[in-house]
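Asker: Given next are the chains, with one letter for each unit.
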Amino acid sequence: MATNLKQAQDLLFGEGGLGVANVKFFPGNKRNVTAEEVAAEVVAVFERAERGEYKVVADIGE
Amino acid sequence: MSFRDLYDYVQTLEVPIQESELRRKLRELSSIPVKVISIKMNPDLMFGKYISHRNEDNLYFKAPPGTSVILLSDSLSPDWARIVQFKELMHLFDDPMQHTNNAEEFEQLLIGLCDQLTGRTPQEESELECMWRALAICCPEELRVELSQHRDSKTLSDADIAKKLQIPERFVPHLFSANYKTNVQILLTKPSN
Numbered sequence: 080m081a082t083n084l085k086q087a088q089d090l091l092f093g094e095g096g097l098g099v100a101n102v103k104f105f106p107g108n109k110r111n112v113t114a115e116e117v118a119a120e121v122v123a124v125f126e127r128a129e130r131g132e133y134k135v136v137a138d139i140g141e
Numbered sequence: 032m033s034f035r036d037l038y039d040y041v042q043t044l045e046v047p048i049q050e051s052e053l054r055r056k057l058r059e060l061s062s063i064p065v066k067v068i069s070i071k072m073n074p075d076l077m078f079g080k081y082i083s084h085r086n087e088d089n090l091y092f093k094a095p096p097g098t099s100v101i102l103l104s105d106s107l108s109p110d111w112a113r114i115v116q117f118k119e120l121m122h123l124f125d126d127p128m129q130h131t132n133n134a135e136e137f138e139q140l141l142i143g144l145c146d147q148l149t150g151r152t153p154q155e156e157s158e159l160e161c162m163w164r165a166l167a168i169c170c171p172e173e174l175r176v177e178l179s180q181h182r183d184s185k186t187l188s189d190a191d192i193a194k195k196l197q198i199p200e201r202f203v204p205h206l207f208s209a210n211y212k213t214n215v216q217i218l219l220t221k222p223s224n
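As given, the protein sequences belong to chains C and S, one line each in that order.
Using the numbering used here, the first residue of the first sequence is number 80, and each one after it goes up by one.
Using the numbering used here, the first residue of the second sequence is number 32, and each one after it goes up by one.
It is worth saying that the hints were derived from the structure and are not from the lab.
This list has only true hints and no planted wrong ones.
Partner residues are not named here, just some residues of chain C that face chain S (Cβ under 7 Å, in silico):
1) K109
2) R127
3) E129
4) D138
Backbone N, C-alpha and C fix where the C-beta goes; we use that ideal spot for every residue, glycine too.
Just chain C, with the same shape it has in the complex:
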């Protein structure tokens, strides 16, 4: 079974993935978190984005 980390790595950098040139994070409230937990959230956020579950705050060329 693929780990969350592997899933996030494939999504960001794998063949057919986003081809990410740079990715960074602003950590949340909880201090004792694991890389697996954060990776799971990375994947979950992209799944929401793919479903169009977001609001545009500022668009290109505003």
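With the hints as your guide, set chain S onto chain C.
Answerer: Structure of chain S alone, referenced to chain C:
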């Protein structure tokens, strides 16, 4: 693009510094398109994310390749949303060596964010640098010196200053910490990316 250019521009602005004004100036300085979106995130794990992608087959955000996309948690208060957006925008200044652009660096970054005991990679250094850049552009230096005097004489509290700058109170002490000027000076003298 040099952080100095943005910093100098901020010195001419009134507080609170507006996100739209920063984005406009960054676009002028860098020509990199920026898109900001608000999306559900687990606030225990993440408040924001910066991503620059190259693959046009995966337009998750309906943004062309090369666009810098900033994702903000939709649960943030306006002051938190401001500081998170400022910090993520500062990744436009990342040195290419600090880019997280492969699976190994990504894993190291996550491990580093979760475990403060590990040594810092260039990617983790960038996270810290961007936090200091974000603080530096929240408050023009002349005003910071003035606020510092009020803070010392207790005529203004951290809550008052936070309200004036519209940033979370938690960040105010960092603006007046002993290493603030040194850290900002280091960032101002870094070579352009």
